Structure formats: C-alpha cells, structure tokens
Amino acid sequence: MAQAPSRLDLLQGTLDLLILRALRAGAMHGWAISERIQQISQDILQVNQGSLYPAMHRLEHRGWIKAEWGISELGRRARFYSLTTSGRKQLEIESENWSKLSEAIARVLRMA
Amino acid sequence: MWRDIALRLRALFFRWRMDEELQEELQFHIDMQALKNRRGEFNAAEAKRQARLQFGSVVRATEECREQRGISFIEILINDLRFSLRMLRKAPGFTAVAVVTLAMAIGANAVVFGVMDVLILRPVNVPEPESLYETEYGVDTGFQSYPNYLDLRDRNRSFDGLAAFSFAFVGLDTGDNPSSATGYATSGNYFDVLRIQPYLGRFFHSSDEHGRNSAPYLVLSYAYWHSHFQDDRGVLGHVVRLSKHPFTIIGVAPPDFRGTVQIVSPDFFMPIVNMEQVSGENLLDARGNTHAVFETFGHLKPGVTPAQAAADFQGVGAYLEKTYPKEFAQKSFSLAHAGLSSFGRAVRAFVAGLMLLAGLILLAACANLGSLFAARAADRSREVALRLALGASRIRILRQLLTEAVLISLLGGAVGLLGSIVLLRHMSMWQPFPGAPIHLPVNPNATIYGVALVLALVSGFLFGIVPVRQVSRTDPYQVVKSGSSGRVGRRISVRDALLVLQIAICAVLVTSSMVALRGLARSLDGNYGFEARNAMLVGTNLTMAGYSGGEVAAMQKQMIDAVKTISGVEFAGLVNQYPPLVYAAGSRVNVFKEETKGRTTSDIFSTPYRYDVSPQYFKAAGTALLAGRDFNWHDDKNAPAVAVINRNFAASLFGPGTNAVGLYFALQDGTRVQIVGVVENGKYLSITEDQQPAIFLPSAQSPVSQSYIVVRSNRDPQQLAAAIRVKLRELDAGLPSDIRTWNDLLIVALFPSRVATVSLGVLGAMGAMLSITGIFGMAAYSVTKRLRELGIRMALGAQRKEVLRASLGRAFKLLALGSAAGLFLGILASRVLAFIVYSATPRDPLVLAGVVLAMALLGLLATWIPAQRALRIDPAILLRDE
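Heads up: the sequence lines are chains A and B, in that order.
Going by numbering that gives the first Met the number 0, the first residue of the first sequence is number 0, and it counts up by one from there.
Going by numbering that gives the first Met the number 0, the first residue of the second sequence is number 0, and it counts up by one from there.
Each hint should be verified, as a subset may be incorrect.
What the hints assert, rightly or not - Cβ-to-Cβ under 7 Å is the rule here; a few derived chain A residues that face chain B:
#1 20
#2 29
#3 30
#4 49
#5 52
#6 56
#7 77
What the hints assert, rightly or not - Where chain A lies over chain B, by a calculated footprint (3+ residues, C-beta under 8 Å):
#8 25-39
#9 226-239
No lab work stands behind these hints, which were simulated from the structure alone.
Computed from a predicted model, the values in this text were never measured in an experiment.
All C-beta atoms, glycine included, are put in the ideal place defined by N, C-alpha and C.
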C-alpha cells in the first residue's frame, strides 16, 4: 500500500527491536510490553499503542516470538508473548546492528 | 517457516476465531490502560475514553494485524479458485467443451500408458526383472529343442541358471468335472531361476527330475486355485489327472506371479520332463524338433552384458552345429528382456507408436484449449484492463488465469482418468480368443494415476500460458477508453498458429486411422494363397489317441476318405502340424541348391516354410496350382522324393520365368527332391510378412501324428462339423478332434491388425472430434468478434456469400493449411504402420481422397453453426444494441 514504505520500515525495525528487548525479561502481554518500553526509556520513546499489535503479530509470524493465552495478574484471560530461540538470536543481531548504527551516527555527528 | 505456514493455515481456517481473539486482546489492552488511567485523575468514563485515545484506531490496528496474517499463497489460491469457479460456471459451454476435450485426451493417454506399463515397463512380476533375459533363437523366436536347451543350459557361462518352458494344453480332471486348462510345462529349475517362493506348499526343483515322466507334480497358479479349489489349503497332496495321467498337487504359486509370458496366464505349472504324458510325443530326445521349448530365459550373471551373453550363446550354437549338423538349422542367437517373448519387438513398436499418437492428441487438445483461452482472454480484456487500472498486478491476473486453466485441466484429468479406469478394467477382463487363456493383465494403479495427474498439470500450464503475452501487453488506458474490439489483430496471431498446429495433428491422426482401416479392409479380403471361406479344419492328434508307427498314416488316409463321403464335401486334404496362418505356427527347413556339395550354414540357399500335405490338399485349401501336378497317394516312402513349391521360391531358385517343374533341390540330409508342381504365393506365418518362400512335401513321405484335414464344402459349418464328428466316431469313438472353420482360426493371425485398427480408429475419431471443436471455437469466435462489422456490411447491402467469406474465410484457409501439413506428416507416419497392418500404404488414392474429404466435412460441420449465426445477423437489432 502507498504509505511511504521506507520510513515505515525503519520505524518497524526499531519497534521490533524494542519489543524483543522488552520480552527478554520473560513472557508478558501486550499492554505490559508497551508499559515496559515506556518505563525503560523513561517515557522518552512514545510507543504508539495501536501499532504495537501489528508489529507483534509480524514477529510471531517470523517465529521470533510466540504467543499463548494465559491468565493475567488481575485474573483475566490475556495473550502472553515470549521470545523463541530464534527470537533471542535475532535480538542479539539487531542489538549489535543498532549499536553499530548509533555509534556510526554519533561519530558522524561529532566529526561533522 | 513451518511456524509461519501453521499460523497462516490457522488464519485461513479459523478466520473468525482469530478475529475474536484479536478483539479480545485489543480490548484487554484498552481495559488495562483504562485501569491505569483510573489510578490517575480520571473518572471511570473519562479513563476509558482516554485509553481509547491513547490506543488510536482499533479498526486500523485490527486491519493491520489481519494484514500481518498475510494474504498468503493459499489464500490467493483459494480466492483465485473461487473466482475461477465463478467464471467457469458463467460459461458452462466453454467449460464443458474444455473438460470433455481434456478428459478424452488424458483418458486416451492413461489407457495407452496403462497398456505400456504392463507390457513394456513391468516385464515380469519377479525379483530383479531387469537382469532377466530370454534367448531369441533365429528370427524373433525363442523356440528351441529340449536337448539343445540342455546343452545351452550347461555350456553357457553367462546365465545364473537357464530355465525353459513350453505350453501345455490339457484336460484337467479333479475327480468330477474334467475341463480344459492351459499351463506351462517348465524345466525343474524354473522357479529357482525366477527366485520366487510358493504361496502354499512347495515348488518342484531340478532335483525332482529323473528323466522321462519322472516328476508327476503340479503347481497351481493362485488364480486357478482360487477359482477352481475355492482357496482350499487342503488341496496339497491331492492327485488330479492331466490328460488322464495322475499328477500330485504340491504347491500354489504367489498371487502376483502370472507366468513368464505377459499375455498368457497359466492355470498350472508342470515339469517339462512329463510333457509326453500330456502331448503324446516324447520330445526330450528330439534334437531336431525345435518346438519342444517355447522359450529359455534366466538372470544374467552380474557384470555380463546382453551382447556378451549373446556371443557366448553363439559359441554354444557353433558347437551344436558342428556336433549335430543334421539337426541344426541356420539360426543365430540374440537376447531380449523376458516377458513379451517373440512378440516383443512388434508390440513395443506398436505401443510406442500409440503412445506417440496419444501424446499428439494431448498436444492437439492443448493447442485447442490454448486458442480457446486466448480467445477468452481477448474477450475479457476489458475486465483485465479494469482490474489493472484498479491496481491489481499483472502477475496476480496471470495467476488467476493460470488457476483457471489448471482447474479445468484437473477436472478434465479426473474425468479422463475415471473413464480410463473403467476401460482398463474391461480390458483386463477381455479375452480376445475364446477358449485361449490370452489376456492383457492391465490394472489401474498408482503409476497411472500419477501419470494422469502430471499430464493434467502439464497440459494446464501449457494452454494456460498461451494468453500470457496478451495480458502482459494489455494497456488498461487504451482498452478502457476504446473498448476491446477497437484493435485490429495482426495478420498471423498465436491463435492462428495454434489452430493450424492442431488441425495438422488431427489430420495426422485421421490419416493414420484411415490407412489402418483401409489396410484391415484389404487384409480381410486379401489373397493369402488359400481360400479360408467355406473351409473347415479338422484337427487330430493320433499319438494322443493311441496310434503309433504305420497306423498313423493309414488312419489319416481313412479319415480323409471318410470325410469325403459326406454329402456336400467337395475336397478334403491333410496338412501336418498346422495349416498356414493358424496359431502363427510355421516350421522352416534348410534348402540347398542341387549342385551345392557342402551342408554347413554358409551353404544353405534358403530356409523356406515347409508344409507336409496330402493329395488334394491344394484343392481343399483353394491354393491354385500354377504348373505341374498335385501329389498322389503313390508319392509315399517308396517313391522318389518330390515337392511342390510356391512361385516365390521357384523364382529365387531358378530365376523368374523359368519352368521349375522337373528340376531339383536338396535338403539338409542330402535328399535330392524333384519339383513336380508350382503353386501360387501365399501368407504363412503372419499376414504382414513379406512374400516368403515355401515348399510342400507329400505327407505320406514323413507322416506326423498331429495334423489338420482341410474340408472344402458349401454346407453350413455347424451341420458340416456335426457330420464330420459322426464320421470320425464311426472310425474311432475315442478320437478327440478339434473342428473349426479356417476363418475362426485366422482370428489369431488377424488379431494384431484388428487391435491396431481399433486403437487407431479410436484415436482418429478423437482427432476428428478435436478438430471439430477447434475449428468451431475459432469460427464461432471470429463471428462473435466481427458481429458488428458484419452487421454494418449487411446493412450496406452485402450478400450472404460475402458475409460468409468475410466471417469464415480465414477459418477455412487455416483448415486447408493445417490439413495439407497433417496429410503430408500422416503419410510419413503411416510408413510405420505398414509393420503392423497388412498392406497399409498411405500412397493409396482412396486414403488421400478420404482424408481430404473427411477434413473438408469436419470443417463444414464445425463452421455450420457459426455460419448460421453470421447469416442470421439482423443489422437493425445489432446496431441498436451498442
């Protein structure tokens, strides 16, 4: 669809990394993931809650995370996501890529 | 990967549940957010509102999630299938024609493949069939004498054991109901050489053979055991009588083993050393009798090639020739895969030819459907353009078209396969010769299903890609703007080429089938060198009835004389063994020129067919005596050796035009034979053979117990047979006889041409039908396309003739082009047919005229309806329509 794909891709990639990173702590449901991302980033990163779910479904399709229905802390049925083995690997790769990228950008910004 | 597919499948089949779950998940999120908001400053309602605001559009999130589930491959396929089904339902005529066309083509292929599968691909149902070879001795035959077999078995170094078998036709008496049965008389090592194990009891082995009539054991085939002994396991040890001699049943062969000749399934197996008890002749010591063993075969030793083995056999043959010069005929060895015996080459060539024709049919069908599809795609160019304009990708549209094509081809394949299964089932039940255990053990199996499926898919893709170029070049802007009929086609389109190709293929098929039909018609009233009509054959075997020595010849003369006294009988004469063209049996003899001194292989002048006949045989058989005299009863053992030869042999011996009567030739044993007569040429072993030399010797000079009396009479065959039976009973009440018309016995000789003609006829009819649908499709389409133009022409005063020329001229031109090409190719292809069908020649004005007429008729038939439609155009209505 005609929605400026290049920018979306970048955002998606970032969001994917954040989700994977959040899930390293263990299985949690969607809302908890969004809360956690905000907490860790100290509210700097405002995750658009609505776009969180398509991202998680995509990750699920790729086999990086898996979802199971469970009971939330408040006793309600909720869908819990957790990292798969390949997801863990992916997280490592993406974190590394990200640090390389941000380092490179930082260097460019310093030197320029 | 797998996870993805699993999720997609889940998404596919549990769509509503996935949606529910997604809603629940999103709702949970919003509720949690609302709960968090409550902890802040909001009241319940405001907290919920804020939560929804923070979340953003639920609908959009839902949509995006759904999208993540993906428009998967399968989903596209299902969409395409649904759409295709709808399109096909909307055009039931097109669908029906396409499905029926393919069903016929794929069905024909499946049937021919089924036959090929059983006859050629699966030689014999035994372990390691690929190393199992039979020896062919001489020209395409496996016949061998028993002593020669023993020498071959013991002296060759190429085979892991060499087995032999022959056929045994017996009366089998289980105690209450004697019935005739057919079995194999085999060497003791038969089952061991084949490496098979009994289903029940035991097989006999070499160790059971201790000379003549020493092994009265019987192994039943599974089918015979099942049908005649009701699967009774207690039959082992039972004694039954074969032609009145007791045999003990010792075992039952496995169910899937049906002997070593594909088309003759035996009822039982008996040791060949006991053959004398059922045939009445002791052939174990008769080195000169090359009909004792039907075939020898075995597994080649590892590493030995068929060529090496043949050379090895040649060596044994040379030894035999040197050791037994008088009994050895001029022949050489070759090897062939076991299973089809001596018919192998012809059958293989024929089935391969049929497969080729069936393939051509399928190709023609694909060309047919390809042009239909292209026409449809052109009709749908507006729809396609619209879809392109709305953003569908070309790939997606092509995919849909291809799905449609494959759907049709699968439907057609399924229908065709069903038809072929029914046909194959019938064929496996079919017994071409009443009373003879010959049948084709075809069975629909997984291989055939697989082949049909592959053919369906391949042809689907073949004709499905025809419209690809058309679609990929569609310019939506142009089409939507000006309508699909705006563009004028190129002079030669893909469709035209396809139609010409298809018509050419169909013309090939029509030509072949006409050549075959004409050949058969000729072979039925052809000149065989005898007159089969009004001729009755009375077969007897006097040794089996207890005669021996001089009694045989005397009794034969008495029988001839007795038959002659029947009113209405014009002539009666006897021929030893079998008359020409009966049971494809014919023996040859080495003949030397009179002046030749040596008697080695290289000295042989010719090996003509040899018949031993009584006086009056030629008159009874209707063979014309061209020169000299017939035999008389004084041409016996005490008289000088004389012979009657056919014209062909006379010409080759002494040159054409020479009067051969009174001249001499010599036989292997040195006898000088004087030629006393010359008869017309004829057919001896098969109807398709080239003209062969033949000699006739007086039967009184070499009497044989097995003989046929030829009786010529205008009387009704059944009455005559009854009268003959009465006469024979007066002579000897216990003499078994086989009385049939010569024509009845010709069935076997005519069988190959009949099969060829029927199968080619069917394929030709299919070709004709295909060309009708092809031309019809093309003509109907061109009329539809130009309906408006034709309407305008008519409004402007065009005559019927001009309208017809405008609308159908092209179709006829293509038809003529295709037919000419097809006729030419068909003539080339028909040369192959000449091997099977007697006197099949494509250079026959009747065939050529027939093909041209047939194609013209087909064209007329196929364009009739479109022409009517073109003529019925009412310009007023048509022009108002737009």
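Numbered hints the structure breaks, given as an ascending list: 1, 9
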